[in-house]
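**Q** Chains B, C and D: place on chain A using the hints.
4 protein chains.
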Amino acid sequence: MAGSSFGTLFRFTSFGESHGPAIGCVVDGVPPRIPLTEADIQPWLDRRRPGQSRFTTQRREPDAVRILSGTFEGMTTGHPVMLLIENVDQRSKDYGEIKDRFRPGHADLTYHLKYGIRDWRGGGRSSARETAVRVAAGAIARKILGDGIRIRGALVQLGPHRIDRARWDWGAVEENPFFCPDRTAAALWEEFLAEVRKRGSSTGAVIEVVAEGVPPGLGEPVYAKLDAELAAAMMGINAVKGVEIGEGFAAAALSGEENADEMRIDQGGQVRFLANHAGGILGGISTGQPIVVRFAVKPTSSILTPLRSVDSHGRDVEVVTRGRHDPCVGIRAVPVGEAMMACVLADHLLRRRALTPDAPDLPILPRP
Amino acid sequence: MAGSSFGTLFRFTSFGESHGPAIGCVVDGVPPRIPLTEADIQPWLDRRRPGQSRFTTQRREPDAVRILSGTFEGMTTGHPVMLLIENVDQRSKDYGEIKDRFRPGHADLTYHLKYGIRDWRGGGRSSARETAVRVAAGAIARKILGDGIRIRGALVQLGPHRIDRARWDWGAVEENPFFCPDRTAAALWEEFLAEVRKRGSSTGAVIEVVAEGVPPGLGEPVYAKLDAELAAAMMGINAVKGVEIGEGFAAAALSGEENADEMRIDQGGQVRFLANHAGGILGGISTGQPIVVRFAVKPTSSILTPLRSVDSHGRDVEVVTRGRHDPCVGIRAVPVGEAMMACVLADHLLRRRALTPDAPDLPILPRP
Amino acid sequence: MAGSSFGTLFRFTSFGESHGPAIGCVVDGVPPRIPLTEADIQPWLDRRRPGQSRFTTQRREPDAVRILSGTFEGMTTGHPVMLLIENVDQRSKDYGEIKDRFRPGHADLTYHLKYGIRDWRGGGRSSARETAVRVAAGAIARKILGDGIRIRGALVQLGPHRIDRARWDWGAVEENPFFCPDRTAAALWEEFLAEVRKRGSSTGAVIEVVAEGVPPGLGEPVYAKLDAELAAAMMGINAVKGVEIGEGFAAAALSGEENADEMRIDQGGQVRFLANHAGGILGGISTGQPIVVRFAVKPTSSILTPLRSVDSHGRDVEVVTRGRHDPCVGIRAVPVGEAMMACVLADHLLRRRALTPDAPDLPILPRP
Amino acid sequence: MAGSSFGTLFRFTSFGESHGPAIGCVVDGVPPRIPLTEADIQPWLDRRRPGQSRFTTQRREPDAVRILSGTFEGMTTGHPVMLLIENVDQRSKDYGEIKDRFRPGHADLTYHLKYGIRDWRGGGRSSARETAVRVAAGAIARKILGDGIRIRGALVQLGPHRIDRARWDWGAVEENPFFCPDRTAAALWEEFLAEVRKRGSSTGAVIEVVAEGVPPGLGEPVYAKLDAELAAAMMGINAVKGVEIGEGFAAAALSGEENADEMRIDQGGQVRFLANHAGGILGGISTGQPIVVRFAVKPTSSILTPLRSVDSHGRDVEVVTRGRHDPCVGIRAVPVGEAMMACVLADHLLRRRALTPDAPDLPILPRP
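Residue numbers (this note's numbering), protein chains in the order written: chain A, 942 to 1309; chain B, 942 to 1309; chain C, 942 to 1309; chain D, 942 to 1309.
So that you can see chain A by itself, here it is in the shape it has in the complex (with noise of 0.2 Å):
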């Protein structure tokens, strides 16, 4: 209700701010006799981990996550799994500067508005940081989804430069600082972001992820459909401004016939489609096919050139931002986003276990 809380049936409810000791959340709904360890957890935040490259954050946070209740000998029970990230490199002093000052793009301003206090150190409560805990509560989901379902993020635009989907090679994205599937492309990000950092800029990106071996029949019509709670999970990671299913924006352009996903029965009975511009959803529930999702991240606020600004005094002021920021925070939302596609359909994998078990002699299903 208070808004810390993401999901139904499988919910976790988040804590913690920048710069406070720690973050973290609590994780309920998980189902028992599943093996957790912190093992299953802490690659996953790794991925996302700052100071990994010049083109993110250089604060230096091991984010080592601890689990402290909900298993037991190394299996989950069904009780709430706690998870614990300390915060370790809080440099507040950093930011003394905004303690009364409102960055221009970030929630100081809405944040006095609405509050009237806010922990300014390094943002708070609103800092992406706390987009870690989104990565921990998304790796117990993929421990409830399993290993037949994967899902996969990558960058498929920096700035204004997007990738060839020709090129596009799921290998190519652990290879690159960017999560980036077009090697081709990668490289010339590696130029042009340096550039953009170097001037103390920062750019946009598009973000897409990919989930496969998703069964049908997740999604709650009419309110709770499963494209419904991918775009509330997305647009509400820190800077995003858009997001789209399947062909998303780009069918508005598109007539009847082009953007048809035909079907046929293949040759094991099963339903074959001959095209996914659903992007795997249709009438808000999974068809089987790959569900894809992109979002926007608009370019990192904190900004070297100095921004004409108010102060909580009610005077002009202007704001240059210093701390320590990435200048693409499109990067690391890669992981983010793929976190959150795991929590939704954890989620409604659970929703449909109690409302919906299997139709019994359905004749057909969809080729997963």
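Derived by calculation from the structure, the hints in this document are not laboratory data. Mixed in with the good hints there might be a few duds.
With a cut-off of at most 35 Å between alpha-carbon atoms, the simulated DSBU-like pairs for lysine-lysine come out as follows [stated by the list, open to error]: (1) A:Lys1034 <-> D:Lys1084; (2) C:Lys1084 <-> B:Lys1034; (3) C:Lys1040 <-> B:Lys1084; (4) C:Lys1040 <-> C:Lys1139; (5) D:Lys1084 <-> A:Lys1040; (6) C:Lys1034 <-> B:Lys1084; (7) B:Lys1040 <-> C:Lys1084.
Just so you have them, the derived chain C footprint on chain B, three or more residues with Cβ under 8 Å [unchecked claim]: (8) 960–968; (9) 1008–1015; (10) 1057–1066; (11) 1089–1099; (12) 1211–1219.
Counterexamples of contact, computed for chain B against chain C with all Cβ distances above 10 Å [what the hints assert, rightly or not]: (13) Arg952; (14) Arg974; (15) Asp981; (16) Asp987; (17) Pro1003; (18) His1254.
Just so it is clear, the structure is predicted and the values come from calculations on it, not from any experiment. Glycine included, each C-beta is placed from N, C-alpha and C at the ideal position.
**A** Coordinates of chains B, C and D only, in the frame set by chain A:
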């Protein structure tokens, strides 16, 4: 949970199928002592009603709404308001052909796979007819918001054709059958869509909804952000494939400098924004600027061109959708988008009352 | 949130006032492919219907229920089931006297203070008439639970007169106007209540509801325990002032030895309990034993004796309640208590499906 | 949903096992700018802390609480408050015997059947140790309620021995190890319980919690009534088997005349009640009178007398519970009951703010 309710404090629960006896909803969380009669709701339903031009379905539904509870002598009582809209013009036999075959792009297949049963008459529960309920609930939301908050929507792209924003005139919106704010574009669209309709084809669209006069402080970080909940609201409308706030996907290509919304203190001592790339939301919380949301609607899936599909017996078939359909469902999505904006804002207005009544003694506030 | 919905996965949202056009509810979370018509619901409403003996209100309501959505060809579709019951026999003028005066023991004063407006006709939203909705929803819950779970209620105390448990016969319950399982007591009660009614007075009662065949494992620790949710369900029925499970308040006076429910393995290798002080629930989770709940109903507040009260103008007044009333509202609370038991169990059955499907390979299970 | 959260607007999510590294909760829905430090919470935990007399478990837990988020410079920020209590004095080996055998009256069997796995050390998640979390959350709830609302609890029955209400003195409550308001009774109880403890037996108790100064208008009809939610709150406390409001079960034996709470206008023009059989709640909404709740706690199930039981291999066994236990868990339930009262009231205070801010121009209000 099962997906038929929308909102948290202001919350409506919808029911009804396209060709059942009625559709409607129960609206809970309506504060008491608000004047409310059917006359407050009917005009909004009339805007969305089918059959008003040759560009929308020829089904003739009066969409007459009745209030069955929650008011007394023309005022709300604080108890649930039940809204009932009877279905009048069903022609279920038009749909006999799709009883066991799945129309591409519709929810036919996914409902079949999820539920193992479906009311195929006119699409049953998955029909866009249900959106009349959202418009009715939105009318109550508008009463909660009061006259100070103005919510208006417009079609800004029809198929590949965009409006010219320099010609935007809200006055034009009610003059053409497209809710188009650009008179020149509207004239061209008429020709374009007539041709699409003649071919039995369809096209997509982009809708923009703007809310003015919204006070700052609406939205709950970090998972019930105003933009996240708007994204879910819009993505949950039938046929929507993308949502963006403010600059949206275009923000990805900008630099931090280009995307900055700088601020100054105006002569009245209030904050004035010099731009609104953010679309009125920062950190998930309203800034006091206009809230700007756009969403993309795919082309109507029901077209006259035969499409390859399958049936529930596992056989290849061809599907031609007859029935009565909108060549562009995006048009009637305009009042639906407005209504959902109203519902989300009303919900967050009540939530703010509970948790963060206005901060006292703030020296500044954004200009309304 | 605003209080008109009950349940989480199996969830109904109620509306309607005593003297408005109709009452009803939308039931969401009904699994698909369950046979359901009005004939499955009407008999339960008939049991609760007023005017069936001289011991219940003489208001003549047919309480005829209509299903307006969520079924197709006699089967549930997985979509919300709308149940509508029209009000027929309102005599609102009987209530003119209480338009601005507050009947002691009723919600008149609190509704006035909370809402600043109230539909005073027959008690409006606070009338026990609303419980018909719960009975209707309970009928659907019973369909979800299936025939293996049997829920029965009985009146075990009328005013100061308790039944003799040694004479308990479920067969007797339908033979007398009190749902009394003790034929001897029923005969005495008839005399007692006739005298109470003649005096224009009223009396309280205690109801016991028993559910047999409930599988183990229903209930979610630690705040959605089965007993906690049953307590809320029963305490939420009009005029209820106390709820107990199993031994209840009597357990306070017992020693640990006296209150122990010992166990043995029976010949079939199953757990057999040697007692049921726990009332079928341990740690908030069903054990497989019968679930036993009792609740106390206060005497009807509407009596012919003039009572000192106040009016909305701040004046002292005397109130005599005429209208048509039950001398003991506890009687008609029996089917309501049964219905709420069914709703809570159905909800938890669905929740268990989602989060804790039966543990595999457990060597023991309690006898159903 | 999965049961580890309590409340709606004021909502806490609990985690932790009796012998795990820590217990705690995340409290969401705390309004901003409330002074809050550990010193506001610790005294309430100290009241509940074990090992303070020979009548409570000898486990030595400092129950030192740490706030890990949601405050800044000693004030709440409107963001989730994380409370952490580390476990210190676990002696898990005491519990080795119950690893595979089910203690009668405990959750051992039901956890085994529901989850197929359980943390048996000290009862794991089902231990009353978790109630420390509720007391901590309750301390924050008290801060929201403010000093005008006073919540106090007392033990009114120990085993078969009730207090004499004529001797009730709140001052006595803190003077004896039972929270007993009757000094004479307390002296007798000391003897009685010493004897029970010596025998290795246990006894039950009844607790009464009273809230004074509660404004009228709290509670949401018809399924989130104040009494319904209090019933759930109290019934959800470990070992509770019954809950009653005001006159409670005794109301069943009364006539309408006897149970009437008449009203008069007092000299200040306010409503004065002449009795409080209702326990401060009418129609599920607070009247402004003291709210009175009682709940019954069963005798501690852990006793030294061997009890017949079964183990997880399907064998008959005998169980003697050693560990460290309270001979009457009802004693330490007093601060827990108070805390839950505070949590329910705080939640409804926030809900009222959202939906029904005080009705304007009411000529009358009940005397505080």
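**Q** Checking against the hints above, which ones are violated?
**A** Hints 11, 12, 13 and 14 contradicted; others consistent.
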